[in-house]
Each structure stands twice: as structure tokens, then as C-alpha cells.
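Chemist: With chain B fixed as given, assemble chain S onto it according to the hints.
Chains B and S, in that order, are what the protein sequence lines are. Residues in the first sequence are numbered consecutively from 211, following the numbering used here. Residues in the second sequence are numbered consecutively from 211, following the numbering used here.
Errors might be hidden in some of the hints.
To be verified - Here are the simulated DSSO-like cross-link-like pairs (lysine-lysine), alpha carbons at most 27 Å apart as the crow flies:
#1 K598/S - K384/S
#2 K648/B - K674/S
#3 K651/B - K648/S
#4 K793/S - K598/S
#5 K784/S - K799/S
#6 K627/B - K648/S
#7 K648/S - K674/B
#8 K648/B - K651/S
#9 K627/B - K799/B
#10 K648/B - K631/S
#11 K631/S - K541/S
#12 K459/B - K484/B
#13 K342/S - K484/S
#14 K674/B - K651/S
#15 K631/B - K674/B
#16 K631/B - K648/S
#17 K651/B - K674/S
#18 K648/S - K648/B
Unchecked claim - Here are some of the chain S residues that sit facing chain B, going by a computed Cβ distance under 8 Å:
#19 R217
#20 S657
#21 V671
#22 T739
#23 Y743
#24 E770
Since the hints were derived computationally from the structure, they do not count as laboratory data. The beta carbon of each residue, even a glycine, is placed where N, CA and C say it ideally should be.
Number of protein chains: 2
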Amino acid sequence: MSEVKDRLAALREKMREYGVDIYIVPSSDCHESEYVSAHFRAREYMTGFTGSAGTAVITMEEAGLWTDGRYFLQAEAQLKGSGITLYRMGEPGVPTVPEYVESQLRPGKCLGFDGRVMAASKAQEFERIARKQGAYLVASEDLVGRIWPDRPDIPDTTLFILEERYSGESVDSKIARVRRAMEEQQADIHVLASLCDIAWLLNLRGGDIPCVPVTLSFLTLTREICVWYVRPSIVADEIRDYLSDHGVKIREYDEIYKDLESLSAGMRVLLDRKNVNYRLLNSLPESAVAIDRPNPTELMKAVKNETEIKNIREAHRKESVAFTRFLYRLKTGATDFTELSAAEYLDTCRAEQEHCLGQSFAPICAYGPHGAIVHYSATAGTDVPVEKESFLLVDAGGHYLEGTTDTTRTIAMGPLKPEQKRMYTAVLRANLHLAHAKFRKGATGYSLDALCREPLWQLGVDFKHGTGHGVGYLLNVHEGPNAFRPRIPAEEAPAELVPGMVTTDEPGVYIADEYGIRLENELLCVEGTSNEYGQFLEFEILTLIPFDRDAILAEEMSPEEIAWLNAYHQRVYKTVGPYLPEKEREWLKEYTRAIFS
Amino acid sequence: MSEVKDRLAALREKMREYGVDIYIVPSSDCHESEYVSAHFRAREYMTGFTGSAGTAVITMEEAGLWTDGRYFLQAEAQLKGSGITLYRMGEPGVPTVPEYVESQLRPGKCLGFDGRVMAASKAQEFERIARKQGAYLVASEDLVGRIWPDRPDIPDTTLFILEERYSGESVDSKIARVRRAMEEQQADIHVLASLCDIAWLLNLRGGDIPCVPVTLSFLTLTREICVWYVRPSIVADEIRDYLSDHGVKIREYDEIYKDLESLSAGMRVLLDRKNVNYRLLNSLPESAVAIDRPNPTELMKAVKNETEIKNIREAHRKESVAFTRFLYRLKTGATDFTELSAAEYLDTCRAEQEHCLGQSFAPICAYGPHGAIVHYSATAGTDVPVEKESFLLVDAGGHYLEGTTDTTRTIAMGPLKPEQKRMYTAVLRANLHLAHAKFRKGATGYSLDALCREPLWQLGVDFKHGTGHGVGYLLNVHEGPNAFRPRIPAEEAPAELVPGMVTTDEPGVYIADEYGIRLENELLCVEGTSNEYGQFLEFEILTLIPFDRDAILAEEMSPEEIAWLNAYHQRVYKTVGPYLPEKEREWLKEYTRAIFS
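Isolated chain B (complex conformation):
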């Protein structure tokens, strides 16, 4: 902890040198990425808190860390002795970061942060606060970078082209579609900073961020020219030729700021202030007109094309085979697993599958009470043996050339209490109800959320996370704009569900200090009936991994629910069975046999 104190002291010295009174250190990179590479973990460096979400604010007298409910326990432990105050976001009476900054900022004082690692929309809120308080704002200095001697580099990783048999659409066609969207907005230029959007558009994948196969870069598109700003060192000749063939020019990563500064007067610039960093926005000439809209690529990449859909089914078939083999080991007497070794074994099973490119996120393998910690991640310090009772919750996914997966199964490791079975059955019913929803076109994931939660609400139970998120194609396992959520955030228009969207269905129940249950399948939105009432939509379940019949109380299920479950298990056996060794196939047949009420 004395390390953190030393770093705070060094930062405060720099703050004095630059005349900054309050300095904000966010968790982000220059692209508002959900996961960031080690180079960008400035907030972690300054506080010692390793959680994925959090913001540090440092004044001359105080240092505070803001994080959300998922991380309260972890942050408490990691901040101990550092002198840093933990601000528990969302708790009554706890100020937000902007509220805190406003309360501290006096007239004539100076607020600072690195404008490259904060979204323009957030930064503009601080801009308003500074103006209101009669204070200054300095967003040009990366003060943490100046006191971080051993800061990790951004390693040079390999880029590869995602061939059209995987992507299903050429770069030319994608760029043309974006240009049409620009025309609709009467935009002269589009600035793209979201790494997944760029990777999708160029049909390129990289390795700059753990678990998200993308490359740090920016992109600008006018009606005639497309420029990709990237570290030239990682662009092999083959990629250079490929891009040149598609009319994409390459420039140095950092050149985008200067290029934006020298835009001709009065240009209409399409950008999403929630994704574009503050310095990019500030680089625009004053005469530019910013059109603040979601990137057109956001919806385009969420709606999977036919090739992608065919591939995604294949990716799920592979992941389901791997996960089922893992289940077989767990359910047929493996005695030597801990949380970590079980997760490793699942990785081994996945690695056997063709075209596998590794994990799509750090898996959650949580035994017993650990299952109740929604974002638990086993470490050498927390790892426990998987015993012959209670539940093991496993939430994991893989990247394949054919797409990305995200699945959760909760496994009865031995005898369960009746209440545990009751809760498992309720979670299963919740999962099935959403998966079998039929609905009129025009519905959003907000209007369907209650279909999933209702079986739990009937028992006076709920879960405090979203019901589902969009899934990228060999990109971030979490993507928008589709999601199942109970409430609509004030600033976000609900996204209509559209055929081709892939969204997870992951209800849960978490009993603190006892166990956690979550059951997650991925759902593909597909067309249903079309008649005088309009177009109906429904879901195809992509994940084909058995539920645990040892945890199911058939008497708590309606005949319709039992029919859904039996039909699903039939599909699992038919699809996965042929890829298993005989003994495992026999076991799966038995394990997926029909249930009767």
C-alpha cells in the first residue's frame, strides 16, 4: 500500500507543476472499450483496485475511488491502508463523480483529466461543471503517464483478415452501407473510434485487448475517402494490400487528431459522443457541425447476416460439444477439481474444437457460496475444491472463426436441498419463458424482460443484473444495441429487436453465502408468423447444452414448460451427440431423456 501512497504523492507533485487541483483518472482507453489493455490501466496503477469498472478522483487533500455494487467487497479489500476513500456508487447519500467534483471545485481552480481516455459526452459534463463553478479545465495532460516509469507498452500483435466465408459481407459493401447512412444524416465525414465497429467494418481482427480480438485504431470516412489510423508496425504487407484494394488508406494512429483539426470549414461530422473521446471532439474546427448519433455500424453489426448466422450455429455446436464433455466429467465422478482446474479443463475441451481462438471472456467458475458473487473470478487466493454437494456455476465462452459464445450452466455436484431445486427450477422456467416468447415486431428487449423475471417475481425473488446482452461475432462478447433489461436508461432509446440479432437469456438467483444459480442460453431473433396482425418474431435457441435434470422439480413446471424442456433436450442430443465418444453419447442420451410431471 505504501506503493499506492507514493504514486499519489508523485501525481500530486505533477498536479502542482501543471496547476491542476483535481485530477480524474478513469478506467478507459482512447476508445471507450469495455476491456482495456494493460497500458491503459491508469486507475488501477493509481489505486491498486483491479476491478474492471471504477473512477479515481484525486485532490490535494483527498483521493476517492468510485465503483459499483459488483466490486464493493473487492474494492474495500484492495483499498485498505491506501488512504483512498471508497465511494459506493448507487448507495443512498453517495455523491456521483460529477457531484463530488462540483462540490470540490472552487472558482479559479483547475480540473484536469486526460481527454483521450474519457468519452466526449462524459467530459462535456465536467466542462459544464467547471464553467458553472468558474473553474478551469485542462484535458490535454496525461499526468499518470508522467509518473509511471514501467508503464506496459502496447504489444505488437498480429492482424488477420476475416474472410468473407466468415464475415458474409465485403468491406466494400459495408463501407457503402455506412456511406448511405451518412447521406441520410447529411454527414460529410464520419469519425469512428469504437474498436469493434472498426474491426467489423474492415473485416479485420487483432489482439490488442484481452478476450476482444480487435486493434487499437481510429477510422474516418468521407463520401470518397476511408482512412484507418493504426500503428503501422502491426500492418503486414498482405493487410496493406488488402486495404489498398478496398480503397482504405493507412495513417499513423495519433495523426487523427491533427487531421481532424485541419478539416475544411463547416463540415458535418457524424460521431457518437458516447464512443468518441473528448480530445477527438475537441480537435474538430469550431465551424464543424457535430451530428451526435449512434454509429451506423452499431446496428449493422448487431444484425447478423445469413453467413454469420450459419457460422454462429456452428460455433455454438462446437462450444456445446466442449461444454457437454466438461459436464460429463463433472457429473460422472471427477473428484479432483478445484474452481481453477475445472475452468482449465473446460478450456482444454474447447481447445480441441476446430477454429477455436480462445476464451471470449475470463470464465466464472464458482463453487457453492462463490456462485452468489455475480462477478466472481477465481484466483489462487480464493480457489476452492469442487465438493460433492451444492452447485457449481460455470459462465464461460469462446471465440471461433465462426463466432463468439457465452453460456452459463449451474451444475448439481451432489445432493441438493429442496429449496435449491425449487430455485433452480424457477430460474430454468424464467430462461425457457423468454426463449419461447413470441412477439410483435416493434418490441424491444425492455418490453420482453418481464416475461423472463415473472416466474421469479412470483416467488418474491429477483436478480440484480440485466437479463441479457447482445453478442458480437468474433468481437466483444457484450455488444449493443440489443439487450434484455428491466428499465430503460434515461439517455438511451430502446432498441427494437430485429431478426439476426443474438442476445443472451441469463436469469439467476443468488443466495448470499450459500449458492448462486444462473442459466444462460443465447437466442437468435428470427421471423415467425406474418398475418393480418403484422409480423411476429420469435427466438431460436443457439446454445445446445443440457440443463441439469438432477436439479429440476418437474412438479413445479407446467405441461407447456416441460414440453419446451423435453424438446430442447432432444435437440441437444441430436446436435451434440454425434460429436461425442460413445460412452459420453450414451450418458447424454440418458441425461437428456424426457421428463414427466
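Modeler: Structure of chain S alone, referenced to chain B:
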């Protein structure tokens, strides 16, 4: 129709006289009331179209009428031969009224309407269009009034005080609550034009609008003074004394415009631009600051207090007794009913109940194919005999001192086809699913809507109206802000469901030219479990009228749904039975006996 043509010619002459090129005639009174008294039916006078919703736009060359899907057939018939073009709102390619006006309005031309009968929010949209087109706007002239020689007067009707044993809260307490809300908004004065809000606030009821017991009036409230603007001729001495006792001053109805003009400089004025008419808004001094928020009374009157809830249960008991007696006649061999005489008989049954003040809306009594016309209203010209087959759909409600009701039952008048039973059962299941929903506090009627529609969606069926609306207490049978709706309108924040709100639950199926089914109960939001997950809410079903067992296919229902139905029928028999003559009680016992799958 030559009458309508003459009126259009007369209006155009006035338009020339006043230099107006385009004149808009809305359907509203000065209070944006849903129902309006005959005096305000200017759009009906100008077009001959008698539907409740519609807007006429008259230019020197053209006349158009805009109305929504409920009224397409009726408007077609009523406009025939008038030369007025029907604009079918919501159909592809049909411009909205503002779009049409914008396309017609040339620089230097003049757009006109009577600013008293248009909400400020709508009028400001036309203001923007006029400015954009370089045209003028005249909102001070009621041109229809100038050519309408036999315009109906506003009749003097009786006011009465709703005693505290009915209202449950004194005027003083209500005014104090509104003043606290004004303080929160830092408002110096609040302008109230919504008639139901005023009636609720003053605990007064009147009779100026058919089916809505309110009085045409405005009200202003400052921190010290409350002024009620009303026709003095209808205020009896007793009412005058009552208001004086509660510190409410009375002024002439029209004086409000002048009074607002002479407000002191810089006052902060709380008003809802959606409810306050354009002339009221324009009467404010330029220095006034308009705070555009929903009236605080809107939510206050939607959340019923304990006295109101106790009374409302009693109102529903009475309405249910009347409706059940009506059902008895229909189901036990009455052979002589037509739609109109059946509706009259229901009125007779209701009139026998104590404290009944008549219909809360014009009832829908629709036999066979008429049931498929969602807003059908039988007239001498459309009336048909109720035969011994198919469905009779009856949607009706009453006003009582104890509250207002709204119920729909669909009655099997004889043998049904299997498909008719299948649809009836699906609508019943939809109704039951919403009624038995449990949910976390924070949910809105938008997030629960799908629970109701899902059983219908599963069959590829939907209905094109909202699932439910709030119900006033001896006020408008339709009130906000609570509602069950599939989509959130862009301009409206979803209202959280709160204990004490009363909302209808009225799914339906409509097969054009064949039959319609709708089943409507009113639901009271009540508290459920409170535990570590938070506060749960659920519903108490207020309506206690049997569903038609002759139309139910038990085999299409889950055991849980059957248990819900049987428990409901038990409650119906226990509550309503004691108020019926013996023969009818015996019939009800048989008619509400348990169903088995």
C-alpha cells in the same frame, strides 16, 4: 351534405375577411378534455364527422379531416359527398396535420386557429412551422363561432361537494400538497386547466361534460392565493361558502387570460403545455418563466387514498351486482334484446344501485360482427337483435359516489365454434396473467404489457389498442399517468406503478366481420412481499363479474391458470351472491363452480 358545403363556404368567407389562408379546427375544448360538451364540437359542425377524435384543416381550395384507425369506416361514411378529403392517420404515405400544413403554407400566408381550443404544446409546433415557412400565425380568432348561428350554449348544471367520506382528503390538505410540489419546482404560480385535476383538488363535481362529472373552469395557485375561474351562475351559495372556508377565491371563467397578462415580472409559472391551451400560455408576460411539467395533481389523483380504495371496492361490488343480474337475464333465455335494449337493461340494473350517478361512458353493446369494431356504438341505424349464437360484447361502466367503474364481458349467446372458444380462452388467459403479475417496485405499465399479450402472441394474434388505462374516481373513466401499453411514446416518460393506482386489464381479439372478444377487469396496485430483493407489488382484482364458462376450453389452460380462475369465481360468488335474489344467486353459484382441466 350541402349543409357542410354551405358551412365551409361561410368559413372561407370569414377566412378571407380575417386574412387567414389555412384554418385548423381541432376537436377540443379549452381544457384538452377527452370528451367535450356540445358547445365545443366545432370540428363536427364543420365536417359532419361525429367521432370523438379528429382534426379538420380548411384551405381556400381544400378541406381535410384527419382521424385514426378507430374511425376510418365511420368517417368515410359521414364525409361522403362533402368534398372533404379523409386523411387516414398512421397509414403509410399519409401526412400528419403538421406535415400537411407545412406543405401548404407559403411565405407571407397566414395560418389560423382558435388558440383556446389547442394545447400549447401542439400550437407551438404550428408556430415553428409558420416561422420556418415565413408565414403568419393568428390564434386569436374563433372563426367557426362566427358562422355558427345555433351553437349550443354551455348549460348551467349543478355543482356538488364530494364529502370527505368519499374523497378521503380535505381541500386544504390537497392544496398544501400541491404547494409543496410547487416549492420543489421553485414555482411562484401554478396554472391548472385540466378539469379533472381541478375537480379532484377542490373536491367538487359538476355536469358540464357528458359522462365526466366536472365543470368548465381554470384554477391558479400561488403560495398564498387560490383562484377558481368559473361561470358564477352555477356556483350556489353553499359552494361559495365552502370555497371561501378553504381560502379559494372565485372569479369569472374568462378573467384568467387578463389575470395572467398582469402577473408580476419574472414569475416562475408551473404548467403542463400538454394540458394548458395556447392562449393561456401566450397570456403570460414575456418575463415569465414557464416550467413545463406534469401537473402535480395528475399523480396525486391517480394514487387513490385509503378512503377512496374502500369506496372503490364498494362501487365495484355494486357494479358487479348490476352486471351479474344483466348476465343472468342474457344467459337464462331472454329472447327479446337488441344491442340498444340490452344496454338499456344494464342501465336499469345499475340504476337500482345506491349512489349511482349514471354511465361513466357511452356503453359498447356489440353483437356478433359488431364486436370486432373496437369502438362500436350502437345507434338506431345499426342496432341488431341479439341472437342465440356467437358473442355479445358489453363494455360499460358507472359513476357512483364511491367511484367509477369500467368493465367488459363477452357473453356466449348460444353455441360457439371451437375457434371462438379457443380465442375466448386465450383472451381470458391474457387477462389472468396480467392480473396475477407480481413485480418489483419500479416497473411501469410498459414493462408489464407483454405479460398480458404473450398468450395471444403465442397464437399469432394481437390487439391494436392499449392493454389498460388508469381510472378516475368519479371523474374521467380514462386517466393517467398509469397505463398498460406495448410502446412508450417518444414524449412520455413511463409512469411507475404505485400502490393505490387503479388500471384496467382489457385484452381482446377481433375477427373482422365475425366477432370480437374483450375481457376487462380493473386492477388495484397493492404491496406484496418486501424482502432482501426489495419491495414487490401485485394487483387486487376490483371487478367481480363471472367470466363465461360456456366459452372456456379448460384443456387450453395450465393448472395455475385454472386455479386463478376458480379462486376468482369463488370471490365473485361470495361477494356478489348475497346481493342477488335467491334464483339468481343459485344460478351464480352454478355458473361460478370450479372448472377442472
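Chemist: CA of K674/B to CA of K651/S, is that 27 Å or under?
Modeler: holds, 13 Å
Chemist: Could you grab the alpha-carbon distance between K793/S and K598/S and see if it respects the 27 Å cut-off?
Modeler: holds, 22 Å
Chemist: Are the Cα atoms of K648/B and K631/S separated by 27 Å or less?
Modeler: Cα-Cα ~21 Å, so holds.
Chemist: Within a Cα-Cα threshold of 27 Å, do K648/B and K674/S meet the stated pairing?
Modeler: holds, 16 Å
Chemist: Are the Cα positions of K627/B and K799/B separated by 27 Å at most?
Modeler: Holds, at about 26 Å.
Chemist: With a cut-off of 27 Å on the C-alpha distance, tell me whether K648/B and K651/S pass.
Modeler: Within the cut-off at roughly 26 Å; holds.
Chemist: Does T739/S hold up as a contact with chain B if the rule is Cβ-Cβ below 8 Å?
Modeler: Because about 4 Å separates T739/S from the closest Cβ in chain B, which is inside the 8 Å limit, the hint holds.
Chemist: Regarding the pair K648/S and K674/B, is the alpha-carbon distance no greater than 27 Å?
Modeler: holds, 16 Å
Chemist: K459/B and K484/B were given as a pair; does the straight-line alpha-carbon distance stay at or below 27 Å?
Modeler: holds, 26 Å
Chemist: Quick one, are K631/B and K648/S close enough, alpha carbons at most 27 Å?
Modeler: Cα-Cα ~21 Å, so holds.
Chemist: Take a quick look at whether K631/B and K674/B sit within 27 Å of each other, Cα to Cα.
Modeler: holds, 21 Å
Chemist: Please verify whether K651/B and K648/S have alpha carbons no more than 27 Å apart.
Modeler: Holds. K651/B to K648/S sits at ~26 Å (cutoff 27 Å).
When each numbered hint is compared with the structure, violations occur for hints 1 and 19.
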